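Colleague: Here is what each chain is made of, one letter per residue.
There are 2 protein chains.
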Amino acid sequence: MKRPLKIGIAGLGTVGVGTVRMVQEHGASLSLSAGRDIKISAVSARDKKAERGIDLGSYKWLDNALDLATEPDVDVVVELIGGADGIAKELCQAAIANGKHVVTANKAMIAHHGTALAHACEAAGVSFAYEAAVAGGIPIIKSLREGLAGNRISRVYGILNGTCNYILSAMATDGREFDDVLKECQQLGYAEADPSFDIDGIDAAHKLAILASVAFGSELNFDAVHIEGIRHVSLMDMQFADELGYRIKLLGIASVSENGLEQRVHPCMVPTTSPISHVSGSLNAVVADGDFAETIVHEGPGAGAGPTASAVIADVLDIARGLKVPTFRVPAKDLQQMTPVAMSKHRGAYYVRLMLVDKPGVFADIASALKDHEVSMESVLQRTRDPGEAVPVVMTLHETEEEGVLGALAEIEAIDAVVEQPRMIRIENL
Amino acid sequence: MKRPLKIGIAGLGTVGVGTVRMVQEHGASLSLSAGRDIKISAVSARDKKAERGIDLGSYKWLDNALDLATEPDVDVVVELIGGADGIAKELCQAAIANGKHVVTANKAMIAHHGTALAHACEAAGVSFAYEAAVAGGIPIIKSLREGLAGNRISRVYGILNGTCNYILSAMATDGREFDDVLKECQQLGYAEADPSFDIDGIDAAHKLAILASVAFGSELNFDAVHIEGIRHVSLMDMQFADELGYRIKLLGIASVSENGLEQRVHPCMVPTTSPISHVSGSLNAVVADGDFAETIVHEGPGAGAGPTASAVIADVLDIARGLKVPTFRVPAKDLQQMTPVAMSKHRGAYYVRLMLVDKPGVFADIASALKDHEVSMESVLQRTRDPGEAVPVVMTLHETEEEGVLGALAEIEAIDAVVEQPRMIRIENL
Chain D
120 MKRPLKIGIA GLGTVGVGTV RMVQEHGASL SLSAGRDIKI SAVSARDKKA
170 ERGIDLGSYK WLDNALDLAT EPDVDVVVEL IGGADGIAKE LCQAAIANGK
220 HVVTANKAMI AHHGTALAHA CEAAGVSFAY EAAVAGGIPI IKSLREGLAG
270 NRISRVYGIL NGTCNYILSA MATDGREFDD VLKECQQLGY AEADPSFDID
320 GIDAAHKLAI LASVAFGSEL NFDAVHIEGI RHVSLMDMQF ADELGYRIKL
370 LGIASVSENG LEQRVHPCMV PTTSPISHVS GSLNAVVADG DFAETIVHEG
420 PGAGAGPTAS AVIADVLDIA RGLKVPTFRV PAKDLQQMTP VAMSKHRGAY
470 YVRLMLVDKP GVFADIASAL KDHEVSMESV LQRTRDPGEA VPVVMTLHET
520 EEEGVLGALA EIEAIDAVVE QPRMIRIENL
Chain S
120 MKRPLKIGIA GLGTVGVGTV RMVQEHGASL SLSAGRDIKI SAVSARDKKA
170 ERGIDLGSYK WLDNALDLAT EPDVDVVVEL IGGADGIAKE LCQAAIANGK
220 HVVTANKAMI AHHGTALAHA CEAAGVSFAY EAAVAGGIPI IKSLREGLAG
270 NRISRVYGIL NGTCNYILSA MATDGREFDD VLKECQQLGY AEADPSFDID
320 GIDAAHKLAI LASVAFGSEL NFDAVHIEGI RHVSLMDMQF ADELGYRIKL
370 LGIASVSENG LEQRVHPCMV PTTSPISHVS GSLNAVVADG DFAETIVHEG
420 PGAGAGPTAS AVIADVLDIA RGLKVPTFRV PAKDLQQMTP VAMSKHRGAY
470 YVRLMLVDKP GVFADIASAL KDHEVSMESV LQRTRDPGEA VPVVMTLHET
520 EEEGVLGALA EIEAIDAVVE QPRMIRIENL
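Chains D and S, in that order, give the protein sequences. With the first sequence counted from 1, adding 119 to any position gets you my numbering. With the second sequence counted from 1, adding 119 to any position gets you my numbering.
Isolated chain D (complex conformation):
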């Protein structure tokens, strides 16, 4: 048997502790599967004395995580500190420079610096592995990069943030408003005190940028992701969605066409007949459309100690077995720079809700605004008419360019009888 593979872990939060536990509990089977022993040799975290419920006694403790990069007894640095820049990035760069493999769960860092890191590690002949960065325990990076490697992938999309999906699912199931569910999530520890990273779609956008790169072999371009979160999703829109045969999900969608690369994260209405509409609670799902494999769906827990540790260890096993695979589908030097498609040029169907007080001529004004921008209505729904009080009017629009929809909505908002900002949710007939 080959000599053991020695790993050093930076960061002993939930995922770090889960990773240590997995190595401790499954050591024998990891050895069988990898053909060599997997040993933790060193660990580093901010607080040595914190109670973590695991025995760290046999590992070298390093107060400074950066020392892992030069620790002779470490082959693989497992970076679980987090943050796009700062010590996490510094550690990864130093580890690569010292010829050590890197395994990381750090989606923010990859979204911002993935292309540079891929260049560095490929030049140094080491692995840069990040299964844990996207969709927790779902082996989606491996599926895209290896399992579907022969395909031209035209689109990859999914439910990429468990907190958002949990909130939206609870709103739909229990008929509660966003603020109410968010507050509960915060009390239960499912959402951060400052939840904006999750609910404003940034976390999902990090993951989407990574998925796009590994699916299409394109350079990471996080800045080109159009990002909208779920703060403005109301119970009323959920109820209308239900009536129209849709569910509201926060999706990340990346697609390539002759126009370039479109990357967007926003609430979507998806038909209840679509598999992704049934992914509920804190689960994640990722769907890839390949030209030969067709549509492949992956679903599972997107976060948590166990699932994320499972992904970290899968990467470690790959390294132990000597897997040589480009970081993002093709070698870093061959990654394409794809032209970003602006959101204004997005083509799709739309749900629009107006709140209006019924006045003579208002529908003519709305129709004229739509016509001005060459937008055509597919259906309209108005339940109650209560003169003097604002009532919701819901329209669905035929597939059209977003620019036109926004133009029409701006015109509609200026109509006297329209008393709130129109709400728009994109319809994805997945």
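One should not assume that every hint holds.
[To be verified] For each label pair, taking beta carbons as the anchor points, the in silico distance ranges come out as:
{"hint": "1", "chain 1": "D", "residue 1": "Gln143", "chain 2": "S", "residue 2": "Gly364", "range": "55 to 61 angstroms"}
{"hint": "2", "chain 1": "S", "residue 1": "Lys167", "chain 2": "D", "residue 2": "Ala203", "range": "18 to 24 angstroms"}
{"hint": "3", "chain 1": "S", "residue 1": "Glu377", "chain 2": "D", "residue 2": "Ala312", "range": "43 to 49 angstroms"}
[Stated by the list, open to error] Below are the BS3-like pairs computed for lysine-lysine, each with C-alpha atoms no more than 25 angstroms apart in a straight line:
{"hint": "4", "chain 1": "D", "residue 1": "Lys452", "chain 2": "S", "residue 2": "Lys121"}
{"hint": "5", "chain 1": "S", "residue 1": "Lys464", "chain 2": "D", "residue 2": "Lys443"}
{"hint": "6", "chain 1": "D", "residue 1": "Lys443", "chain 2": "S", "residue 2": "Lys121"}
{"hint": "7", "chain 1": "D", "residue 1": "Lys443", "chain 2": "D", "residue 2": "Lys121"}
{"hint": "8", "chain 1": "S", "residue 1": "Lys125", "chain 2": "D", "residue 2": "Lys443"}
{"hint": "9", "chain 1": "S", "residue 1": "Lys158", "chain 2": "D", "residue 2": "Lys158"}
{"hint": "10", "chain 1": "S", "residue 1": "Lys121", "chain 2": "D", "residue 2": "Lys158"}
Hint data in this document are derived by calculation from the structure and do not stem from the laboratory. Note that this is a predicted model, so its numbers are computed, not measured. The beta carbon of each residue, even a glycine, is placed where N, CA and C say it ideally should be.
Dock chain S against the given chain D, drawing on the hints supplied.
Modeller: Relative to the frame of chain D, chain S by itself:
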């Protein structure tokens, strides 16, 4: 760049042609992804003159597929002939003996001879790859063997036969009887003239035995799979299932417990809240329960030229990259021989439908039969009472051992007023 990897393809049916097409269409991207060129050097099929819609002119034609095993210009033999024994097996054995890697879609051969083939190829230092044998384009073998490799997997199950799922979905959606849908499938070419391989569950059982081996690291034991097909699923049972909140699916389920390994293929009632109940048409799905990753679902097309070629080429790329991984999760010599759990010892919940003419005392007799076998009823459903005419009575039973259920049903069948053989479908609360 390394020298090209040369493949020889045996069998030019749908999948063989799809594989050739994928190499021809995506040659450049395969090279980038693999770090070397992938070249088809030789092909073999029964009929050289058949019109296949692809240009085979640049490949060496071999009339005898077995010659691929000794062809100097072939590194990898892609076996797409099929059949558990005969030429397919002979070719794989000869290829391995000659130091060539093998890629195959042949589930029957692996189910029957997988352990021996794994021993042979590991001894010879070549790969034996079979992603295409289970669930078409879904990269489930890779997920189980690599992506989830750190987990102890306790259960793997799924919808493993597209023809059965298509028939059951059509019955449920269109309210048609089994025979009617099957006939249509045969006319459309979705089902074979002799459909027993699919609809009697044998194909699903082959795949289940393979999944069990790669999930649990156990020796293949196809003979221990309990197999029932879908011939006896009636529209009436589907309608009752619907009423009770279930859908009927043909599932393959393999699980490990302290008693050993349970492998079974049979129609199941699954709750409509379960993701797998929404997998419809000819799609496949595979679900794995890992101790760290939790429940991971994969879904996609389980057959067809494109999806199966996608899986074949993924295996070829792995070989091109020099992937070294045990054939079934752990090296062949370390595969466990697990004790099979007899179906009579299976514990689960049950749906039972009796057809009975209402006579005084019949319910007392039924209750007494259940009591004799310590089986307890959870619910009972009897819609109409039409004296003299047989009416359905549906019961669901609490979790119990199958032996008891079968004993009770034998006793119940002997009751005068029970006019047909009782129908039993296992309930899986997935």
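Colleague: Now tell me if each hint is right for this structure.
Modeller: The hints, checked one at a time:
1. D/Gln143 x S/Gly364: 55 to 61 angstroms: Given about 42 angstroms between the Cβ atoms, the range is violated.
2. S/Lys167 x D/Ala203: 18 to 24 angstroms: 59 angstroms, violated
3. S/Glu377 x D/Ala312: 43 to 49 angstroms: 44 angstroms, holds
4. D/Lys452 x S/Lys121: Judged against 25 angstroms, a Cα distance of about 17 angstroms means the pair holds.
5. S/Lys464 x D/Lys443: Between S/Lys464 and D/Lys443 the Cα gap is close to 46 angstroms, so the pair fails against 25 angstroms, i.e. violated.
6. D/Lys443 x S/Lys121: OK: D/Lys443 and S/Lys121 at ~13 angstroms, within 25 angstroms.
7. D/Lys443 x D/Lys121: 17 angstroms, holds
8. S/Lys125 x D/Lys443: Within the cut-off at roughly 19 angstroms; holds.
9. S/Lys158 x D/Lys158: 40 angstroms, violated
10. S/Lys121 x D/Lys158: With a Cα-Cα distance of about 33 angstroms, the restraint between S/Lys121 and D/Lys158 is violated, given a limit of 25 angstroms.
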